[in-house]
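These two chains come separately, so use the hints to put the complex back together.
Residue numbers (my numbering), protein chains in the order written: chain W, 6 to 138; chain D, 220 to 750.
What the hints contain is simulated information worked out from the structure, not anything from laboratory work. Heads up, some of the hints might be wrong.
[Claimed, not checked] Below, a sample of chain W positions facing chain D; criterion: calculated Cβ distance under 10 Å:
| id | residue |
| --- | --- |
| 1 | TRP69 |
| 2 | ARG72 |
| 3 | ARG77 |
| 4 | PRO80 |
| 5 | PRO93 |
| 6 | HIS98 |
| 7 | PHE110 |
| 8 | TRP126 |
| 9 | ASP128 |
[Said to hold, decoys possible] What the simulated footprint calls covered on chain D by chain W, stretch by stretch (three residues with Cβ under 8 Å from a Cβ of chain W suffice, anywhere in the stretch; the number is not a length):
| id | region |
| --- | --- |
| 10 | 258-268 |
| 11 | 313-327 |
| 12 | 472-486 |
| 13 | 587-596 |
[What the hints assert, rightly or not] Have a look at the derived ranges for each label pair, beta carbon to beta carbon:
| id | chain 1 | residue 1 | chain 2 | residue 2 | range |
| --- | --- | --- | --- | --- | --- |
| 14 | W | THR78 | D | ALA236 | 45 to 51 Å |
| 15 | W | THR78 | D | ARG674 | 34 to 40 Å |
| 16 | W | GLU118 | D | GLY518 | 38 to 44 Å |
| 17 | W | THR51 | D | ASP491 | 46 to 52 Å |
| 18 | W | VAL90 | D | GLU524 | 44 to 50 Å |
| 19 | W | LEU95 | D | SER412 | 30 to 36 Å |
| 20 | D | GLY716 | W | PRO93 | 52 to 58 Å |
| 21 | D | PRO235 | W | THR51 | 16 to 22 Å |
Just so we're clear, the structure is a prediction, and the values are computed from it rather than from any experiment. Cβ coordinates follow ideal geometry from the N, Cα and C atoms, glycine included.
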Amino acid sequence: MKGRLIATVVRALCLTGIGFGAGAGVVAAQDRAAPAPVSAAALPRTGEQIFAAKCVFCHDATGWGTRSLARRTPPGQSELLNRQVLPPALVIHAVRRGIGSMPQFTPTEISDEELAILAAWLDARGRPAASAP
Amino acid sequence: MTGSAATGPLLPGLDPAAFAAALADFRVAVGAQWVFTSEADRASYLDPFAIGDPQAHAAAAAVAPATTDELALVLAAANRHGVPVWPVSMGKNLAYGTAAPALRGSVVLDLKRMNRILEINEELGYALVEPGVSYFDFKAELDRRGSRLWMSGAAHSWGSVMGNALEHGVGYTPYGIHAETICGMEVMLADGSLVRTGLGAIAGSREWQVFKWPFGPNWDGLFTQSNFAVVTKMGIWLMPEPEAMAGFTISVPAKGDLAQLVDTLRPLRLDDTINATYTIANAWRQSTAGMQRAELWQGAGAIPEEVVARHLASRGRGWWNVIFNVFDHVPGGIDLRIAKIRQHFAAHMPQATITHTSWKKGEPQQPWMRQEVSLAPFAIVDWRGSPGGHSDFGPVVAAVGERVTQVYDLIERRFIEHGLDPWVGMFGMGGRALIFVADMLYKRDDPEMTAACQRLFRTLCREVAEMGVGLYRAHITFMDDAAAMHTWGAAQDTSGGGAGALPRLNDRVKALLDPGHILAPGKQGIGSRRP
Numbered sequence: 006m007k008g009r010l011i012a013t014v015v016r017a018l019c020l021t022g023i024g025f026g027a028g029a030g031v032v033a034a035q036d037r038a039a040p041a042p043v044s045a046a047a048l049p050r051t052g053e054q055i056f057a058a059k060c061v062f063c064h065d066a067t068g069w070g071t072r073s074l075a076r077r078t079p080p081g082q083s084e085l086l087n088r089q090v091l092p093p094a095l096v097i098h099a100v101r102r103g104i105g106s107m108p109q110f111t112p113t114e115i116s117d118e119e120l121a122i123l124a125a126w127l128d129a130r131g132r133p134a135a136s137a138p
Numbered sequence: 220m221t222g223s224a225a226t227g228p229l230l231p232g233l234d235p236a237a238f239a240a241a242l243a244d245f246r247v248a249v250g251a252q253w254v255f256t257s258e259a260d261r262a263s264y265l266d267p268f269a270i271g272d273p274q275a276h277a278a279a280a281a282v283a284p285a286t287t288d289e290l291a292l293v294l295a296a297a298n299r300h301g302v303p304v305w306p307v308s309m310g311k312n313l314a315y316g317t318a319a320p321a322l323r324g325s326v327v328l329d330l331k332r333m334n335r336i337l338e339i340n341e342e343l344g345y346a347l348v349e350p351g352v353s354y355f356d357f358k359a360e361l362d363r364r365g366s367r368l369w370m371s372g373a374a375h376s377w378g379s380v381m382g383n384a385l386e387h388g389v390g391y392t393p394y395g396i397h398a399e400t401i402c403g404m405e406v407m408l409a410d411g412s413l414v415r416t417g418l419g420a421i422a423g424s425r426e427w428q429v430f431k432w433p434f435g436p437n438w439d440g441l442f443t444q445s446n447f448a449v450v451t452k453m454g455i456w457l458m459p460e461p462e463a464m465a466g467f468t469i470s471v472p473a474k475g476d477l478a479q480l481v482d483t484l485r486p487l488r489l490d491d492t493i494n495a496t497y498t499i500a501n502a503w504r505q506s507t508a509g510m511q512r513a514e515l516w517q518g519a520g521a522i523p524e525e526v527v528a529r530h531l532a533s534r535g536r537g538w539w540n541v542i543f544n545v546f547d548h549v550p551g552g553i554d555l556r557i558a559k560i561r562q563h564f565a566a567h568m569p570q571a572t573i574t575h576t577s578w579k580k581g582e583p584q585q586p587w588m589r590q591e592v593s594l595a596p597f598a599i600v601d602w603r604g605s606p607g608g609h610s611d612f613g614p615v616v617a618a619v620g621e622r623v624t625q626v627y628d629l630i631e632r633r634f635i636e637h638g639l640d641p642w643v644g645m646f647g648m649g650g651r652a653l654i655f656v657a658d659m660l661y662k663r664d665d666p667e668m669t670a671a672c673q674r675l676f677r678t679l680c681r682e683v684a685e686m687g688v689g690l691y692r693a694h695i696t697f698m699d700d701a702a703a704m705h706t707w708g709a710a711q712d713t714s715g716g717g718a719g720a721l722p723r724l725n726d727r728v729k730a731l732l733d734p735g736h737i738l739a740p741g742k743q744g745i746g747s748r749r750p
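For reference, chain D alone in the conformation it holds in the complex (with noise of 0.2 Å):
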């Protein structure tokens, strides 16, 4: 299916010689084999939860070098011909895009043959990595070597280990905050130099994944979420097995008890006695386990939320259902935090009921660990029957329970207002803020019920900004209107284009970086070209 004459759509402006020669040159860089252009191979790079027609951001083909050489190649003819790339690692970015790009017609830059794990550090706790390596390749390497590090997985495995990080994605470990264990990095910026951050730029570092904080800026930060590079290598760290851990689930009867829930949380959270993530979970959320909507609701619309109440209780769960794990590297310190919490609810939420599980180093881990690789996740994707897609709406909040109430309310009206189950998640990744992941779970060939998908993110996109919350997180059909949000010092725009210092900083950059912009145009706004 490879190397064929076929083309995918070119991106407007571009003169189909000019893309035919970057072809060429793809095709000489990396061999024929890995320029991919039929339309069987573009299909697999398509966004499989498209929200709406996934030809709005279809690539006109895609490019897989193997190695950082054969990339330099790869970005020299991308610049000579004006072509954008997307850069992808393991191009699961579900629910964002996948691997699909943002503005139609770029190449997807297909990084998964630059899978090496290029070291793993059992005495220092770190791994460097290349962005090809997967949770599951990771996870069986680690098992492989008997490593006593443990690695803190996003929600599904099929993702990369750098990806997950570079996008903030979130785990389930004291380590959970994937961004902030990335420590030092090796980039390509778009004229092909390679630069390695931190103390990677000592030539014969040995410290290149120990310190984040050398002599100079700290650039690790800036390659996130971003299009200034392309990140080749990454350091992130590893936990060192605990002694013990212990898993809970707090249920909170009434709707209403959300405000007093997080400010219960949250000192928990913010002295580490909670060590890692927890989520809390809506009524919705909660009704999805283990079935399928039909069960619950055919009628028009949202599920009403009487239906909900009364399908929770029957299975004697409340409005509130919270779940997190919490960690030791102390014998019996796990026992301590299991008495503070239990006893921290009693005396503030004592409506709250609680149960706990735990382990002990040397026993048989269980599912609830969330220690083993998995695909689970994905049964969510037919909530509302197949093909289904799901994406979501991830305002960033302050952990205080009058303002992650006021953000709740909205979401969950504006929802039902949509026609869509307000399927909310809130997770406690840090002990400041909540990150609201409200997801909406569609059917992919209705193309009513994606279109009120993209409202309704367009809507809660303008109202939570008035309130002055902005987002982690976004599809690539919304990055602009994510960027969008960003308007201190609008004012000072003297282009009269009325962007917020931030989106013109970021687009300076670019500009100075990637002058051609030929690296990912539009990730998370910047450098956009869309019409």
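Next comes chain W alone, as it looks inside the complex (with noise of 0.2 Å):
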């Protein structure tokens, strides 16, 4: 359930032009002569955020990737937002190189630190729940 509602709350964020609309500069008409430059990399990223933007389309409560994992992972366990133990080592691996039959993410779609980001906050939120009677 807890999954459930962020990833409700990741995928609104999108819908509202934060997410993966966040990455694309929008220059207006009037600007066409001199547009505006394009600085990507000052985007501000936190883990949720570079989540909606990149995982919640396969990583939400019934997405391709949810029901893939779903598959090959304990009961309960195939949301990754509900994921008990998720480690950064495995996120990073899984996102630059893939993984079953997820592709990769290039690092001008998530750029090392912002994929830190996410493993972090990833494995950050597994560890309450893990811990939790």
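Right under this line is the structure:
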């Protein structure tokens, strides 16, 4: 349930322009002669925002990634936001090299710095749940 | 992970010192953090759905300019040192090579950072975008503006709006032949010079994105599925929100009904009653819905026809299933289209079962309208288990029942002979042709299966070419094979190479525009240097 609520929130962020949309610069018509420079590296990113931008479309409660993981993870562990143990090294490996049928992400889609933030956020989310009685 | 001393596979014959000098120049051009050479970073540019060894198409490095000025410096360095680059936009040409180059040892020219939506013109219904704008980005911006213009999205939204149109991709609205919605480009030639096509060639033009056929030749088509230049900006037309839509599902019972089905659909598509792409799915393609292959069949080879037939019968479905949406901009017009489609099928194909649903402006949108961004189509990749992959054989066939059936029967037979499920969709992108997507679904870690896919694809290339049929697109593994199908005029090849007239023309244009062959050698077989 926790994962579903957060997935709903991050999907809403996407649909309001935070998320995938945040990666694209928008230049108004009147600025065509002198468009603003792109500064993708300056995008503020938290783990939650990165998850919303890059992961949620496959890894929300009903996404393809979640359904695929359900075939090889213990019950209740297929949704990443509910995962009790998700080591940063595994996240980094899966994102950069792909895992199973999941395609990998290039460093222009998610930088090493963003990937580290994402991995740490997912790791930290799992730990309290893992230690809960 | 960036900027390490590691190197990828070098192009045969390329001096390692020249490659190192190119990397140094690339770093000066774009900044060291945007030149990727480490093993992990290079791995991220491999084809995730490789049909065999992904290293066969491994890149030596990747470089990511953010502006046309940086791009010009990169191309100058590539020319100076003889290092070929492989331009990608989002790098999500999944099933056709993704971001990986046709020629192993090329450097991926990653244009993801050139990601501006330069204009969305609400009055005239167009946008001007750079390569790195994904469908996710674009839809989010349309929604943020409350735009009344609709995007024609591709099957999955991870890809680039520009890249999909350049690769002749398909959508499911009246603007679904994406290459036909292109209007005006800015391209950078291999020598670093920028050119604007169409009315963009007029300084101060406000008509660049509004008319495709001004004075002189239309160059836009030359820069699709080619390697003559790097497209840096592209105009694309957008559809005004319709008054109403209807979504049809038509089930046809018997395998032998295909020719009749195609001939029944054709006049409706040709006169624009059906004004968007329709998809005909065969029995195997329908069987995947919500299932894993092992739930249906665990034996050797392709799933037998009788197993598929039983499965479909249990679901109350026919051998063929057609889906499409129709759109109308006139109040009440959609009801006339619905009635005409139903009457036409009643007269010409009474055995078909037709259902439809509808939507009117102001009502909440529904999933069948395919207006939301999505990655749902990825679900098919796991059909044979993980790690899965897919790529397709895509012949273009005149929308005539007898011709379509002839090609379909050959494809189904050869797939089964090669142990692969004949997972076939046929797309009525326009009124006059069907684009087949005969999908090869394989396990990437099964070398016998991927080898069978390669044999199958090449066998079909030879056999459909003998029927006078060509392809609309191909995976990087098969670009030379697909190009070699264009044999008309081969007898006039004075070089003795036996190449057709069109491939020879392509190579002549390539040699003129890119004499160093640094732009995507081998793309669509043009300027191929593969051994």
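Exercise for review: Let me know if the C-beta of W:PRO93 comes in closer than 10 Å to any C-beta of chain D, holds or violated.
Suggested key: Interface hint status for W:PRO93: violated (14 Å vs cutoff 10 Å).
Review point. Taking 10 Å as the limit, does the beta-carbon of W:ARG77 come near enough to a beta-carbon in chain D?
Key: holds, 8 Å
**Study point:** Beta-carbon spacing of D:PRO235 to W:THR51 - inside the hinted bounds 16 to 22 Å or not
**Key:** violated, 42 Å
**Study point:** Coverage of the region 472-486 of chain D by chain W, judged on three or more residues with CB within 8 Å
**Key:** violated (count 0)
Point to revise | Assertion that chain W covers the region 258-268 of chain D - criterion: three or more residues, beta-carbon distance below 8 Å | key: holds (count 8)
Check your understanding: Under the criterion of a CB-CB separation shorter than 10 Å, is W:TRP69 in contact with chain D as hinted?
Key -> holds, 5 Å
Review point. Taking 10 Å as the limit, does the beta-carbon of W:ASP128 come near enough to a beta-carbon in chain D?
Key: Result: violated, 19 Å to nearest chain D Cβ.
Practice item. Could you say whether the range 30 to 36 Å given as a hint is met by the Cβ separation of W:LEU95 and D:SER412? Key: 47 Å Cβ-Cβ, so the 30 to 36 Å window is violated.
Review point. Would you say the C-beta atoms of W:THR51 and D:ASP491 sit inside 46 to 52 Å of each other?
Key: Cβ of W:THR51 to Cβ of D:ASP491: about 48 Å, so the range 46 to 52 Å holds.
Review point. Can the region 587-596 of chain D be counted as covered by chain W under the rule of three residues or more with Cβ-Cβ separation shorter than 8 Å?
Key: Satisfied; 4 residues make the cut.
Check your understanding: Regarding the hint that W:ARG72 lies at the interface with chain D, is the smallest CB-CB distance below 10 Å?
Key -> Cβ of W:ARG72 sits 7 Å from chain D, so the hint holds.
**Study point:** Pairwise beta carbon distance, W:GLU118 to D:GLY518, judged against the given window 38 to 44 Å
**Key:** With a Cβ separation near 49 Å, W:GLU118 and D:GLY518 fall outside 38 to 44 Å, so the hint is violated.
Hint check: violations occur at hints 4, 5, 8, 9, 12, 16, 19, 21; the rest are consistent with the structure.
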